[in-house]
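Colleague: Residue numbers (our numbering), protein chains in the order written: chain A, 1014 to 1268; chain B, -19 to 287; chain C, -13 to 392.
Keep in mind that a hint or two might mislead.
Below, in silico cross-link-like pairs of lysine to aspartate or glutamate (EDC-like), each with a Cα-Cα straight-line distance of 16 Å or less [stated by the list, open to error]:
#1 B:Lys136 / A:Asp1197
#2 B:Lys267 / A:Asp1197
#3 B:Lys136 / B:Glu121
#4 C:Lys121 / B:Glu158
#5 C:Lys121 / B:Glu30
#6 B:Lys26 / C:Glu310
Please keep in mind that the hints were generated in silico from the structure rather than gathered at the bench.
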Amino acid sequence: MNRRAPTSLLSGTALLLSVLVLTALPSIAQVTSDRIAALSDYHGYYPCMDCHGDQETIFQPRILAEEHATPLEWTDDDGGIHAVPYGTQVTIAELLGQTDRHDLNAVNRARVGARVGIADYMAENDLTPDDTVWALLHGGGNLWCLDCHDAADRDKLVRFDGQPLSFNESHLLCGSCHGPKLLDWERGIHGKTVGRWDLRGPEAEEAVRWQCVECHNPHAPAFLTLEPEAAPVPRVGGSPSDHGHHDAEHEELEH
Amino acid sequence: MSKSTRFRDEDLGRRGFLKLLGAVSATAAVLPDPAEAFDLEEFMQKHFVELSPEQLAKTLARLEKQYNEKYDRDDFSVNAAPPLEGVRFAYALNLSKCIGCRKCVGACVEENNQHRGDPDKGDRIEYIRVLEMEKGSLDVEKSVHDYTHEVPAEGKYYMPVQCHHCNDAPCVKACPVEATWQEQDGIVVVDYNWCIGCRYCAAACPYWARKFNWSEPRLEDEDIIPDTHYLGNRPRYKGVMEKCTFCINRVRQGLNPACHDICPTGSRKFGNLLDPAGPIRQIIAEKRVFILKEEAGTDPSFYYFFD
Amino acid sequence: MTGLMNYATFVLRSVRGMFHGGPRYLAWLGFLAVLIVYGIAAYTRQAEHGLAVTGMTDQVSWGLYIANFTFLVGVAAAAVMMVIPGYLYHNQEVKGGVLLGEMVAIGAIVMCLLFVVADLGRPDRFWHMIPYIGKFNFPVSMLSWDVVVLNGYLLLNLHVPGYLLYKKYKGEKPAKWLYLPFVYVSILWAVSIHTVTAFLYTGLAGRPFWNAAILAPRFIASAFCAGPAFIILILEIIKGWTKFPMGDRIISFLRMVVLISGLINIFLLISEVFTEFYADSAHVASARYLFFGLHGHNALVPWIWTAIVLNVTALISLVSRKFEKRGVILRNVPLLMLIVAIWIEKGMGLVFPGFIPSPLGEILEYSPSANEVAVTVGIWGVGLFIMTVLLKHAVDIETGEVHPDE
Chain A
1014 MNRRAPTSLL
1024 SGTALLLSVL
1034 VLTALPSIAQ
1044 VTSDRIAALS
1054 DYHGYYPCMD
1064 CHGDQETIFQ
1074 PRILAEEHAT
1084 PLEWTDDDGG
1094 IHAVPYGTQV
1104 TIAELLGQTD
1114 RHDLNAVNRA
1124 RVGARVGIAD
1134 YMAENDLTPD
1144 DTVWALLHGG
1154 GNLWCLDCHD
1164 AADRDKLVRF
1174 DGQPLSFNES
1184 HLLCGSCHGP
1194 KLLDWERGIH
1204 GKTVGRWDLR
1214 GPEAEEAVRW
1224 QCVECHNPHA
1234 PAFLTLEPEA
1244 APVPRVGGSP
1254 SDHGHHDAEH
1264 EELEH
Chain B
-19 MSKSTRFRDE
-9 DLGRRGFLKL
1 LGAVSATAAV
11 LPDPAEAFDL
21 EEFMQKHFVE
31 LSPEQLAKTL
41 ARLEKQYNEK
51 YDRDDFSVNA
61 APPLEGVRFA
71 YALNLSKCIG
81 CRKCVGACVE
91 ENNQHRGDPD
101 KGDRIEYIRV
111 LEMEKGSLDV
121 EKSVHDYTHE
131 VPAEGKYYMP
141 VQCHHCNDAP
151 CVKACPVEAT
161 WQEQDGIVVV
171 DYNWCIGCRY
181 CAAACPYWAR
191 KFNWSEPRLE
201 DEDIIPDTHY
211 LGNRPRYKGV
221 MEKCTFCINR
231 VRQGLNPACH
241 DICPTGSRKF
251 GNLLDPAGPI
261 RQIIAEKRVF
271 ILKEEAGTDP
281 SFYYFFD
Chain C
-13 MTGLMNYATF
-3 VLRSVRGMFH
7 GGPRYLAWLG
17 FLAVLIVYGI
27 AAYTRQAEHG
37 LAVTGMTDQV
47 SWGLYIANFT
57 FLVGVAAAAV
67 MMVIPGYLYH
77 NQEVKGGVLL
87 GEMVAIGAIV
97 MCLLFVVADL
107 GRPDRFWHMI
117 PYIGKFNFPV
127 SMLSWDVVVL
137 NGYLLLNLHV
147 PGYLLYKKYK
157 GEKPAKWLYL
167 PFVYVSILWA
177 VSIHTVTAFL
187 YTGLAGRPFW
197 NAAILAPRFI
207 ASAFCAGPAF
217 IILILEIIKG
227 WTKFPMGDRI
237 ISFLRMVVLI
247 SGLINIFLLI
257 SEVFTEFYAD
267 SAHVASARYL
277 FFGLHGHNAL
287 VPWIWTAIVL
297 NVTALISLVS
307 RKFEKRGVIL
317 RNVPLLMLIV
327 AIWIEKGMGL
337 VFPGFIPSPL
347 GEILEYSPSA
357 NEVAVTVGIW
367 GVGLFIMTVL
377 LKHAVDIETG
387 EVHPDE
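Turn these sequences into a full structure, and let the hints steer you where they fit.
Modeller: Quick look at the structure:
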């Protein structure tokens, strides 16, 4: 054996390993590079939604979402209140002004504030600051489509570590950030479980636990206000309230 | 007969008696005809807990017949399902999640065949009252009940209150005829055919949970739920008390109360307190739970928590 | 058999005597009969439509009926104020008047029972309260205690004067063992009826305005103020318009009782007000509503202050003996003021504020409906009617107007 053998063996192994790494797991590499590229280019606005504007196609009726009428509001540094219409359409101007809407840490704020690539995006598409784009109101401007949706397989969701998830396991995805809430949900403390309290016996199937996305819109999770049902009406003393029978002589005693 | 007391010639004693007779006749003239036929069996019916199985079956059949006649239907059923073994019901309400939408109030009214009130006023009987509370305070005196603005409002949180089904219930102690008592599964019930309507229980309740039928309950045909429980949502009568029964008709079949299932935010949690894996025990173990007006010492089955 | 026949004759003659008298007497009975008919008509309306014809609500679920009930229990209890000196201290002068006090007590107790029945949602289910036949929640429910003590007191007050008057009618000396033990029992029993009624309120932890130890002593103090005042007014009428033998000492004695009880009542009021308002805790809400109004609601404020002014003024005039020597009006108006003041205290000052605010902080004020007032007036008519005829009966026997054949 001459002295050059171990060196060549080492370099050969290294080459083999690099090839294996680079080729044996292409999808992860592709997704990762895509996500990194996407993040740096498009952070803060989401061209996916130029086509996928309607995010409501697959979910159960959102009890609260149905009654949303007034737009979400955010306040700028000077105390001015701005409205962000529900449905995640914002003007570019509003999007750029949205930097401090949520409690972002310094790193995120910098990334969001940078709005890297938006000038190019505007130039490419011939847009002005008054034109609208799609904004994701989840995570304070931190998240975008491909953070949850698998870029390679659109029928899957993807977790922060690249683990693909089916849409039926979406709670695991939510729980990867909202851990305590997931634990509560699994214990039946958080969220909605309808049908049965009694989970013994075969009828337990009737009990339905609502998925995260059945109440929370992952694209714009904040709940808006709604109008309550009718206020209680006190029984006004002095008149018999049966079958609409009124007695005029007692009307004067109403409060 | 010999003379006894000496009367004056005018004999005003007889006049006085005649006056009384006139007054009595006048009274008889204003008395109304009895609205419903007098039912001796109903009048003599014993207390629910004292009915033998045969008497109970007869009573339920009689009630079904009466309800069908009264409401012109043919599908009323009144059951008397007993408490389930090994079950003690409890309720937990998440005050961080309640938005005060009052959907629970409406669902309860619909489930329980409740008096809908005067059609012009809408003063129906409601077992649940939602309080709009000031953030930073637990003082119900500062609460607002008749808010109509959009919810949830800034600086407020919402606390629905209903019967707490107390284990040391002051209403049970107060009732002079034992028309209200706590069943084995923790539900405090009322025998509507035994209650005399004295309203002492209403005075005793620290949670203002007990409601009285001040008049004949108004129940339109489209509002009627025909599957009822003797101690729960069967139609009530004028002059008796009623209150939340944890939807006894549903929970004894393993279902959730109506208010629980309708809540859009999932603030309401219901289950068996004796089940360590059930939601209530989990909540008590994991969350910061408190009891409303705990100082009243009634040991309720209703908990509130924040999370 | 003869005994029974004699008793039957006694009853018949007594009843005949009750409806026989001067024009003023019969006019009074006629007036009361009209009130009774008015009340019965109103009650039938209530029986038909339910208690919705009253002003009561789920927020204020007890009203005028229970307020009057609470006041009248006190009046009934006050009969004992004459029993104590009459029988315990063998004050002969007072003894004669005791019978009259007991007649007042009977009328008052009957009114109490009628007010409770009028307040019930289902009076047809009254039999549910009979032990063993129904289901009587004794001894846990304070209402069950009230049923026992009120009916017991009624029986005591029917027996003692009934027996004594029958013996007087026959001209025989009554046997001590047949009435004296009952008399002593009635002394304790009178205190108990009002204490039990107070406990009805104080035992409720959910009503902080009532859940105070001071309630029972205040009940006794105000009962022994208003009750004897009421009795004095009756005695004045009997003294002035009948030949019933009565001295002055009994009225002086009762006036002293009224004064001392009234002063104690004021002291207890001061104690209550200080305790409520000094700490200004959440529990003061009902008291604040009563004395000063709460969140713009102040319907009771004029009532309670009127009551306090009447109370204090009446007591000041009672302190002065000069008033006693003056004419009938001047010496009795303070008593009437006290009766009215304590009636307001028991009703507006105790029952209604206990419900406002509700346990959930809601304020819904109460005012009685016309129908409710009519039933109340009718029941007062019944009570005063019973008192009148029984007093007439007592007067008849004592003066010999009704007597057996020689």
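Colleague: For each hint, tell me whether it holds in the structure or not.
Modeller: Against the structure, the hints:
Distance restraint check for lysine 136 of chain B and aspartate 1197 of chain A: the Cα-Cα separation of roughly 24 Å exceeds the 16 Å cut-off, and the hinted pair is therefore not satisfied. In summary, the hint linking lysine 267 of chain B to aspartate 1197 of chain A is supported, as the alpha carbons are separated by about 10 Å, within the 16 Å threshold. Our distance criterion of 16 Å between C-alpha atoms is met by lysine 136 of chain B and glutamate 121 of chain B, whose separation comes to about 14 Å. For the proposed pair lysine 121 of chain C and glutamate 158 of chain B, the alpha carbon gap of about 6 Å is at most 16 Å, so the pair holds.
Under the criterion of a C-alpha separation no larger than 16 Å, the hint pairing lysine 121 of chain C with glutamate 30 of chain B is consistent with the structure, at around 10 Å. Distance check on the hinted pair: lysine 26 of chain B and glutamate 310 of chain C sit about 59 Å apart at the alpha-carbon level, beyond 16 Å; violated.
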